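J.: Knowing the structure of chain A, use the given hints to seat chain B on it.
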Amino acid sequence: MKYLHDFTIVNNERQTDDFVVLTLQYDGALPRMMPGQFAEVKVDHTPTAYLRRPLSIHDVNYEQNQIKLLIQEVGDGTRTLCALPAGSRLNLMYPLGKGYDLPNSDKVLLVGGGCGVAPLLFLGRHLKQHGITPRFLIGARTASALVRLDAYRELGEVLVTTEDGSMGQKGFVIHHPVMRTDSPDFDWIYTCGPDAMMKALAKYARHRDITCQVSLENRMACGFGACLCCVTPTQDGHKCTCVDGPVFDSKYLQW
Amino acid sequence: MVDLSVKLGNITLKNPVMTASGTFGYGEEYADFIDIDALGGIVVKGTTLHPRQGNPYPRMAETPMGMLNAVGLQNKGVDGFIDDIYPRICHFNTAIFVNVSGSTIEEYVETAAKINELEHIPGIELNISCPNVKEGGMAFGTSCPSAVAVTKAVRDVYKKHLMVKLSPNVTDVTEIAKGVEGAGADSVSLINTLLGMAINAKTRRPELSTITGGLSGPCVKPVALRMVWQVSKSVKIPVVGMGGISSAEDAIEFLLAGASAIQIGTANFVDPKITVKVIEGISEYLQVNNINSARELTGALITD
Numbered sequence: 040m041k042y043l044h045d046f047t048i049v050n051n052e053r054q055t056d057d058f059v060v061l062t063l064q065y066d067g068a069l070p071r072m073m074p075g076q077f078a079e080v081k082v083d084h085t086p087t088a089y090l091r092r093p094l095s096i097h098d099v100n101y102e103q104n105q106i107k108l109l110i111q112e113v114g115d116g117t118r119t120l121c122a123l124p125a126g127s128r129l130n131l132m133y134p135l136g137k138g139y140d141l142p143n144s145d146k147v148l149l150v151g152g153g154c155g156v157a158p159l160l161f162l163g164r165h166l167k168q169h170g171i172t173p174r175f176l177i178g179a180r181t182a183s184a185l186v187r188l189d190a191y192r193e194l195g196e197v198l199v200t201t202e203d204g205s206m207g208q209k210g211f212v213i214h215h216p217v218m219r220t221d222s223p224d225f226d227w228i229y230t231c232g233p234d235a236m237m238k239a240l241a242k243y244a245r246h247r248d249i250t251c252q253v254s255l256e257n258r259m260a261c262g263f264g265a266c267l268c269c270v271t272p273t274q275d276g277h278k279c280t281c282v283d284g285p286v287f288d289s290k291y292l293q294w
Numbered sequence: 046m047v048d049l050s051v052k053l054g055n056i057t058l059k060n061p062v063m064t065a066s067g068t069f070g071y072g073e074e075y076a077d078f079i080d081i082d083a084l085g086g087i088v089v090k091g092t093t094l095h096p097r098q099g100n101p102y103p104r105m106a107e108t109p110m111g112m113l114n115a116v117g118l119q120n121k122g123v124d125g126f127i128d129d130i131y132p133r134i135c136h137f138n139t140a141i142f143v144n145v146s147g148s149t150i151e152e153y154v155e156t157a158a159k160i161n162e163l164e165h166i167p168g169i170e171l172n173i174s175c176p177n178v179k180e181g182g183m184a185f186g187t188s189c190p191s192a193v194a195v196t197k198a199v200r201d202v203y204k205k206h207l208m209v210k211l212s213p214n215v216t217d218v219t220e221i222a223k224g225v226e227g228a229g230a231d232s233v234s235l236i237n238t239l240l241g242m243a244i245n246a247k248t249r250r251p252e253l254s255t256i257t258g259g260l261s262g263p264c265v266k267p268v269a270l271r272m273v274w275q276v277s278k279s280v281k282i283p284v285v286g287m288g289g290i291s292s293a294e295d296a297i298e299f300l301l302a303g304a305s306a307i308q309i310g311t312a313n314f315v316d317p318k319i320t321v322k323v324i325e326g327i328s329e330y331l332q333v334n335n336i337n338s339a340r341e342l343t344g345a346l347i348t349d
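If you read the protein sequences in the order shown, they are chains A and B. Here the first sequence stands for residues 40 to 294, where the numbers follow the numbering used here. Here the second sequence stands for residues 46 to 349, where the numbers follow the numbering used here.
It is worth saying that the hints were derived from the structure and are not from the lab. These numbers were taken from a predicted model, which means no experiment stands behind them. In this text, a Cβ means the ideal position worked out from N, Cα and C, and glycines have one as well. It is possible that part of the hints are untrue.
Taking CB as the label site, the calculated pair distances span [stated by the list, open to error]:
id, chain 1, residue 1, chain 2, residue 2, range
1, B, H95, A, R118, 39 to 49 Å
2, A, V49, B, H136, 56 to 66 Å
3, A, N100, B, N245, 37 to 47 Å
4, A, Q168, B, E329, 45 to 55 Å
5, B, S254, A, E52, 31 to 41 Å
6, B, D124, A, L141, 30 to 40 Å
7, A, T87, B, A158, 15 to 25 Å
8, A, Y291, B, R133, 22 to 32 Å
9, B, A246, A, R219, 31 to 41 Å
10, B, I336, A, T87, 29 to 39 Å
DSSO-like, lysine-lysine: derived pairs with alpha carbons at most 27 Å apart [to be verified]:
id, chain 1, residue 1, chain 2, residue 2
11, A, K278, B, K121
12, B, K121, A, K290
13, A, K242, A, K278
14, B, K318, A, K278
15, B, K322, A, K81
16, A, K278, A, K238
17, A, K81, B, K318
18, B, K205, B, K281
19, A, K137, B, K281
20, A, K41, B, K318
21, B, K121, A, K41
22, A, K242, A, K209
23, B, K197, B, K52
24, A, K278, A, K290
25, B, K205, B, K121
26, B, K52, B, K318
27, A, K41, B, K322
28, B, K247, A, K238
29, B, K322, B, K52
30, A, K137, B, K318
31, B, K204, B, K322
32, A, K290, A, K167
If we strip away everything but chain A, and leave its shape as in the complex, we get:
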């Protein structure tokens, strides 16, 4: 079941130059959501952003009926959302798509790049509730582009890479020492981030018989399987990222 609900923004916390976390309050009971699912968020008052914006569920608090969205400003739509002050109303269509599966192992690695870290906080919390301690590997361009590390650290160990070496290991996530071993100490990878990063992880996982679940960020119009705009090539032909994904087993994709 998907819903259209009006939320009230109770907090707008700027993280970096281009990242904001919005905390949204619903005045009823939230429906159950799975990590990796997303919301289509309506953007008002901009003529250039006509369509809703698909955004990962960053965190959920069922006791307080609150959702957090981690938003990166990339265009007029996200800029408009990031500028909304507390008290503003926001319409969400949610929860959409298929999220991450629970692993068949307790040795998992959650790898995020850029804005792709967004769903991994909710996923880490979900895993922890199922008795699995998440370990995060987070990549960014530079130290100042890393967001909410403390929130991730509350759930588990956080490993970091930066392209300029300003924090953690220098390079991309795939170059981190945790990946550079013939017998890695994890057998399930969850990832969300740039395609190049996820493809490198998928290749890594394939060679070691590790499960790798990736979350795609294709351009969408509707978000629920009506328009067929957001397809990705799979073993079974074109599949909609919005309803058949956004989370796919990397082996199912034609990568």
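T.: Frame of chain A, contents of chain B only:
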């Protein structure tokens, strides 16, 4: 109590609000949001004789107050529709139209003939205006002789309501409208998407895999209104108007311009409840203006 029902030839719609093909899936995608039975009609996804994978990603680019698409008629083929989808949707208590497309006249004919056998499908919308396929589609709808030929051929095998969807990518839309009317169409619907293009200056690449695509959304509404007005004055069969409708007021404007019914497309993506809101809005408009029937709005534009 106002009468919202309208007539499209031999079909009575409970109200003038339909959904546009390609934006409403098979109706069931919207069932969490609205009561499908409340709609005047739905036009389901473009259906071809054989299954189609459609065009490569990216297929969509947002543009100011609208979007370009290049889906390219991805569908399971008419047999897939009949076997898998029709049994799931035939219980909807609304007029279900199947949008039919093809690469050759024979494909149109064979597809239409199969759909003719489906009890709960009172009509088809002949798509001679899809801009996103290499063969067929818009090629049929941009030349009058080929539009007439495909309409005639389908008319011979299809015995129920035959609606023909017109392309705006022509010099004179009334010429094609008159042509398909003469060839036996029961109604015309317009406009399909306008051929457009978007470029990313940073990457110097087109935004769509197909380079060009079909423009829809509020940005096309003035063009669509003009064409609906022109066509409704030049044919006797009913006109179904569409193009950027996203409010009851927009819908009423199309009725005033001469449409007997309207279709809502791209706006469904932004507000999946828009169709029922438009139905309520039309009802309210009729009450406020002391008009008994939605049918009285068709062509009621005052021009003196």
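J.: Against this structure, judge whether each hint is valid.
T.: A quick look at each hint next to the structure:
With their beta carbons about 44 Å apart, H95(B) and R118(A) fall inside the hinted range of 39 to 49 Å. For the hinted restraint 56 to 66 Å between V49(A) and H136(B), the CB-CB distance of approximately 43 Å leaves it violated. At about 38 Å, the CB distance of N100(A) to N245(B) agrees with the hint of 37 to 47 Å. Distance hint check: the CB atoms of Q168(A) and E329(B) are about 48 Å apart, consistent with the given range 45 to 55 Å.
Evaluation of the 31 to 41 Å hint for S254(B) and E52(A) yields a pass: the beta carbon distance comes to about 38 Å. Between D124(B) and L141(A) the CB atoms are about 38 Å apart, so this pair conforms to the stated range of 30 to 40 Å. Checked against the given bound of 15 to 25 Å, the beta carbons of T87(A) and A158(B), roughly 45 Å apart, lie outside it. Checked against the given bound of 22 to 32 Å, the beta carbons of Y291(A) and R133(B), roughly 25 Å apart, stay inside it.
Hint check: A246(B) to R219(A), Cβ distance near 39 Å, so the stated range 31 to 41 Å holds. Distance hint check: the CB atoms of I336(B) and T87(A) are about 37 Å apart, consistent with the given range 29 to 39 Å. Proximity of K278(A) to K121(B) is assessed by CA-CA distance (about 12 Å); at most 27 Å being required, the pair is judged to hold. Under the criterion of a C-alpha separation no larger than 27 Å, the hint pairing K121(B) with K290(A) is consistent with the structure, at around 24 Å.
This hinted pair checks out: K242(A) and K278(A) have alpha carbons roughly 21 Å apart, not beyond 27 Å. For a cut-off of 27 Å, the pair hint linking K318(B) to K278(A) stands: about 25 Å separates their Cα positions. Restraint check for K322(B) and K81(A): satisfied, since their Cα atoms lie roughly 17 Å apart, inside the 27 Å limit. The suggested pairing of K278(A) with K238(A) holds, with an alpha-carbon distance near 18 Å, which does not exceed 27 Å.
Note on K81(A) and K318(B): the hinted pairing holds, with a Cα-Cα distance of about 13 Å set against a maximum of 27 Å. For the hint pairing K205(B) with K281(B), the CA-to-CA distance comes to about 18 Å; that is within 27 Å, so the pair holds. With a C-alpha separation of about 49 Å, the suggested pair K137(A) and K281(B) falls outside the 27 Å cut-off, and the hint is violated. Restraint check for K41(A) and K318(B): satisfied, since their Cα atoms lie roughly 13 Å apart, inside the 27 Å limit.
The suggested pairing of K121(B) with K41(A) holds, with an alpha-carbon distance near 25 Å, which does not exceed 27 Å. Only pairs whose Cα atoms come within 27 Å are accepted, and K242(A) paired with K209(A) is accepted, the gap being roughly 21 Å. As the CA atoms of K197(B) and K52(B) are separated by approximately 23 Å, the hinted pair is consistent with the 27 Å bound. Taking the CA atoms of K278(A) and K290(A), the gap is about 14 Å. The hint holds against a cut of 27 Å.
Distance restraint check for K205(B) and K121(B): the Cα-Cα separation of roughly 23 Å lies within the 27 Å cut-off, and the hinted pair is therefore satisfied. A hinted pair counts as satisfied when its Cα atoms are at most 27 Å apart, and K52(B) with K318(B) qualifies at roughly 24 Å. Distance check on the hinted pair: K41(A) and K322(B) sit about 19 Å apart at the alpha-carbon level, within 27 Å; holds. A threshold of 27 Å between alpha carbons decides the hint, and for K247(B) with K238(A) the separation of about 24 Å falls inside it, so the pair holds.
Of the pairs offered as hints, the one joining K322(B) and K52(B) holds, with about 21 Å between alpha carbons and a cut-off of 27 Å not exceeded. The straight-line distance between the Cα atoms of K137(A) and K318(B) is roughly 23 Å, inside the 27 Å bound, and the hint therefore holds. Restraint check for K204(B) and K322(B): the C-alpha separation of about 34 Å exceeds 27 Å, so the hint is violated. About 26 Å separates the Cα atoms of K290(A) and K167(A), which keeps this hinted pair within 27 Å; it holds.
Figure legend: structure checked against the earlier numbered hints; hints not met, in rising order: 2, 7, 19, 31.
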